[in-house]
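4 protein chains.
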Amino acid sequence: MAFEIPKYRHPDFMQEKFLNAPNVLWEEAPMDGVAPEHYHSTSMYPEYFKINGKWVLAEESRMDSSVILCEDGHLEVVENRNLKKGDKVILGRSEHCEEGIYIHVNGFVDEKMKIKDQFVFRQGRSRETSYARDYDKLFELLRYEKEHGNIVWVMGPAFTFDYDARRAMQLLIENGYAHGLMGGNALATHDLEAAYFNTALGQDIYTQECMENGHYNHLDVLNKVRRCGSIPKFIDEYKIDNGIVYGCVNNNVPFVFTGSIRDDGPMPEVIGNAYEGQDAMRNLVRKSTTVICLATMLHTIATGNMTPCFRVMEDGEIRPLYLYTVDADEFVVNKLLDRGSLAATTMVTNVQDFITIVAKGLGLM
Amino acid sequence: MAFEIPKYRHPDFMQEKFLNAPNVLWEEAPMDGVAPEHYHSTSMYPEYFKINGKWVLAEESRMDSSVILCEDGHLEVVENRNLKKGDKVILGRSEHCEEGIYIHVNGFVDEKMKIKDQFVFRQGRSRETSYARDYDKLFELLRYEKEHGNIVWVMGPAFTFDYDARRAMQLLIENGYAHGLMGGNALATHDLEAAYFNTALGQDIYTQECMENGHYNHLDVLNKVRRCGSIPKFIDEYKIDNGIVYGCVNNNVPFVFTGSIRDDGPMPEVIGNAYEGQDAMRNLVRKSTTVICLATMLHTIATGNMTPCFRVMEDGEIRPLYLYTVDADEFVVNKLLDRGSLAATTMVTNVQDFITIVAKGLGLM
Amino acid sequence: MAFEIPKYRHPDFMQEKFLNAPNVLWEEAPMDGVAPEHYHSTSMYPEYFKINGKWVLAEESRMDSSVILCEDGHLEVVENRNLKKGDKVILGRSEHCEEGIYIHVNGFVDEKMKIKDQFVFRQGRSRETSYARDYDKLFELLRYEKEHGNIVWVMGPAFTFDYDARRAMQLLIENGYAHGLMGGNALATHDLEAAYFNTALGQDIYTQECMENGHYNHLDVLNKVRRCGSIPKFIDEYKIDNGIVYGCVNNNVPFVFTGSIRDDGPMPEVIGNAYEGQDAMRNLVRKSTTVICLATMLHTIATGNMTPCFRVMEDGEIRPLYLYTVDADEFVVNKLLDRGSLAATTMVTNVQDFITIVAKGLGLM
Amino acid sequence: MAFEIPKYRHPDFMQEKFLNAPNVLWEEAPMDGVAPEHYHSTSMYPEYFKINGKWVLAEESRMDSSVILCEDGHLEVVENRNLKKGDKVILGRSEHCEEGIYIHVNGFVDEKMKIKDQFVFRQGRSRETSYARDYDKLFELLRYEKEHGNIVWVMGPAFTFDYDARRAMQLLIENGYAHGLMGGNALATHDLEAAYFNTALGQDIYTQECMENGHYNHLDVLNKVRRCGSIPKFIDEYKIDNGIVYGCVNNNVPFVFTGSIRDDGPMPEVIGNAYEGQDAMRNLVRKSTTVICLATMLHTIATGNMTPCFRVMEDGEIRPLYLYTVDADEFVVNKLLDRGSLAATTMVTNVQDFITIVAKGLGLM
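Protein chains in written order, with our numbering: chain A, 1 to 365; chain B, 1 to 365; chain C, 1 to 365; chain D, 1 to 365.
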């Protein structure tokens, strides 16, 4: 069964509510980083704004941001902290054309899939949900995206603690299933610790044996990379030949590592400022068509906030942007659950097992 | 790398402490189901008792039970509730020969494996532990046990909610990797619901779609099986041809289903009395050499309590009894952690993924 | 602010759909413990059945059971396993009068409380929910129920591991806030271990110090109670003067302890057969107006299944039956979430803290 | 029972191993932010270094950092990223004087408290641990610290979601139980949202009702504070009179808010750069004698890494630095468990309940 991208159903702008709607209002930002009163704030969904009688889509959207009307008439979605004094900020907080704003929640919803029976036992997704079809669909999706899309992976450090998971991820990268990778300083650190010492926090990633003085390992790796001045130079100088970071460097897969207050080090490439880090992350997400978040609450929520449920392709086609969240803890995955059902898939499992199943499902292991 | 059973190192009974130890004392049980004061209670480990100057092993042991000296001189490990008035119950609560009792904690411990470095980061096992080697060892172990051992599976109902997991388990059963199976009424109920309706609690186990009035499905299956009078008759009458219970019935794999206060139904085969249920479970466990508990706190702890860390084979050889606990929740697996390290392996993951990885690792999927 | 029982709004039987509905059908149970095809199965809600043109409420309901039409015209809700051959079992699986059955979902719903805004962040209840008002309402409710209702407590064994929690519960019992108590063998065992040894599993319940050979403590208590023949005799003989079980015995609060396959012992009062246990539990629940389940998945779900969201008082008044579930784990509390919003309150916290806050809120500590 | 600070037992430097130990070696940092090979890295414990035949304590320590020998002979503990080229960095990775380094693990350990019995059931701390004595000791400790110490609170945003918890924390601040407070942008944001709108993420923090368009609330507060230019100006201009942040501002309790990639806003006071944030946090921690971390994995681990288990007071006295971690999730608290037992206390509960119990225990509510 080959994968087929769901068709986007544009709003029917000939309906009364669209025709009768007023033009949307705007007001200038009163100072840098501050929106005017009654600013409109974006959602995950496609949002249309009536400007000079025409409904215009804000194309590169994200959640909780302002919409700026640019000189050339196109709309830009900008985090409030990035507003400049004088930016024309769209106003309005209604969603059904009342103020010239329309949020298109059902652009990809298949009518057939709606559930009729109201007396349902299991609504949320938990460790007890059946994920068999989700896996099968993901295999298809990844094969499709490898050719036609852009897959961004987001992951926590624990991912590198397991020999199989680390190898599976490297194989996915080497076989064209990764177009971008995001994580924190610890991901880079422990992956390179594994590459250099074969340990994670001093424990062998295969045999689980603890090396003597192994708690020095990640600090030593950090120190060596900092001395080298960059991750690629460390990889070159120390002849690193395996792992996730190595895979990215070797295959020109762009990565964004952002810092946090938990960090040792950090690695030279890590972006220490959280808001510059957000900007760099969003730049990766802007190109993505599938985003897969693995075992990191911090990076998953950060990514989820900046990932809309749609992508406007270069040819103008609108398609879903698929977001997956995989975590061992229901609490984490449920934090991102309130999104359009077609666009977000949450799975409760150990990400080590998840990634080896994915690599096997794609015939890589 | 072929699997090798660790050698058992018998205690060196020529050591002073064994030679100088007194004979163990006993006293008659004062009434049915009641032990005498200062009774000895068993552990998971091999325990030796000095009787008439000879050290005798209690062969079929379990935790928290009394040891009875039988007429023929052999020792039986009996739950206190099953004591009969007049049974000769062993007394003593020391473990190093002081009262003629020796608990042999290190029978299988490999000296090489002991960890030297005390400054260790990660001691427990969590979602962040590397399980790569555990999987590889399990594949080897299961291949060995298929030929030479006895594998008992213990599982919670959620196991049947996933299409892949259910199929993987059926394949394991059909290919000789199951010599016994234990669970509750819900396991049997939802597995047969899946076989008959393709749903679990009314939700399709592959597509996740909710059937109209699907909350009747498990009740209807229960009602039909009860009308048939037995699970095998239901399988026959309704031409069931898939699933875990079907696999057991079709391959003569004995199962024990025990009841709980959560049950609907129950199925005719379910043992309603908890203590008769324990007895039936222990009879399966007595033959087992590997026990794998999946996603059920109740049955896992019940099984763990009655599973020693060793098995005396028919030829007198003593070998480890391997116990695995797999659950999505650290809290559950850690409840069983305090056992001999060689004998208990805990893994934190979704059991659906676990079982498909096992089936794939054995070449069955 | 004094507590006020919400008024029950009876269905308006003069509406067309009630007037035009057919009488409900029934069929005899074909054999003991088996319902006829197309039997109706109950929910948590008040359910009305049209019999000889009159709508009759099934008064003492519970979930997942059959409805029997008795000789005298009243309706009894009976678990399928308790059906007798020839019982007149109501048929039909629609809920809006189509087959003479009406499920009254909104009997207690306050129109004012309905939420208008659909764009809501936090829908479920988690560790991040505000429970301040829930506590305040619970204090009021308990004060009301002490005089006018019937409070049943359901609890797991961990409850007895903490000095403060155990004392708080004893105070609630001694001050009239408990009309029934349910739990497992372990609750009774560890509470009496705490009373006799001041330990839980050998660990001091206040200082956390581990007693030497403390793992014998609960076994010794079990053995002593079994020798005594009953819990009250043990309390008397060993001069027990504190704890939860002591509080019940001393204040004539009925308790039901049901067995499970995890049990040691068991205590003489424990009901070993799960289905007899269910019957005994339901008999306590039949009188209850508030049920509070604390830190036990097994007993909470069992209780939840047999607890409707309403109670018909002796004077014919219909009032809500309040069900609380308190557990440290979202997974557990969410299992019971799909109930009428007025009737079920879930709180995510450590039950030790919960109960001391309740005792303090009622002025008992 | 009044609280008594445990006495510190200095190492006995007259022992052979100290007398025979060589002087510790050092080497200059080869470049800014890079340590020399074989650098020594610190632990939580007091560490002594033999310099010119004298054993010198590194007074203000933290984990995973280098030790610099300063011109004046005193030792400074410096994160590697803060090293300057030419800093004299101590070398050596042994702990028992072999290289002139001694790690004093048992400075505060009471011999009486050591546990004798090895066969212990419950070793870790979980929702099933008895916390009664921990609470009582904490009440005493806080009363002591109010007069003689320095209490720093670290907290996640969920803390502000509950009316009672927020009030309890405000009372603790107003009554002298807080000498510093640390958290993220979200803590400040949602606390001020609660102060201004009485909501958290749009949901009333007492009634749990969702305000229409309530998802704008936190964004509006952020926007207003950013327009005001600082939190104190916002509090002044909008007449804020309640909450945690208000309490700090009004009582001159210093706070450190550090940014993360999840942030909206941020608030003007938030430190966006993670490593500058760490430095600011450590400056608060340097003065602390008790640190209490509540419901935040990120900030808890960050704080834990920079908090040693001892504090050298101005008069030279060495006392324990008490660290508490409170979280609903065992996984989080166990991440910090591997510390000296006297110094770290972990509690598994909902922090809302924790803080109201603390405020009540101190007589504030």
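If you are wondering where the hints come from, they were derived from the structure by calculation, not from laboratory data.
Hints should not be assumed to be uniformly reliable.
Copies of one chain are not kept apart here, so a pair can be met inside one copy or by any two copies together.
Below, computed lysine-lysine pairings styled on DSS-like, alpha-carbon distance capped at 30 Å [as the list claims (entries may be wrong)]: (1) Lys224 with Lys239; (2) Lys287 with Lys85; (3) Lys224 with Lys287; (4) Lys224 with Lys17; (5) Lys335 with Lys233.
In this text, all values refer to a predicted model and were calculated from it rather than measured experimentally.
Evaluated hints:
1. Proximity of Lys224 to Lys239 under the C-alpha cut-off of 30 Å is restricted to the intra-copy arrangement: shortest distance 13 Å within a copy versus 53 Å between copies.
2. Proximity of Lys287 and Lys85 under a CA criterion of 30 Å is satisfied intra-copy only: 28 Å inside one chain copy versus 41 Å between copies.
3. In this homomeric assembly, Lys224 and Lys287 never come within 30 Å of each other (Cα to Cα): the closest approach is 33 Å inside a single copy and 33 Å across copies.
4. For the identical chains of this complex, Lys224 and Lys17 are neighbours neither inside a copy (63 Å) nor across copies (33 Å), given an alpha-carbon limit of 30 Å.
5. Within a single copy, Lys335 and Lys233 get their C-alpha atoms no closer than 38 Å, and across copies no closer than 33 Å, so neither meets the 30 Å cut-off.
Taken one by one, the earlier hints fail for this structure at numbers 3, 4, 5, listed in ascending order.
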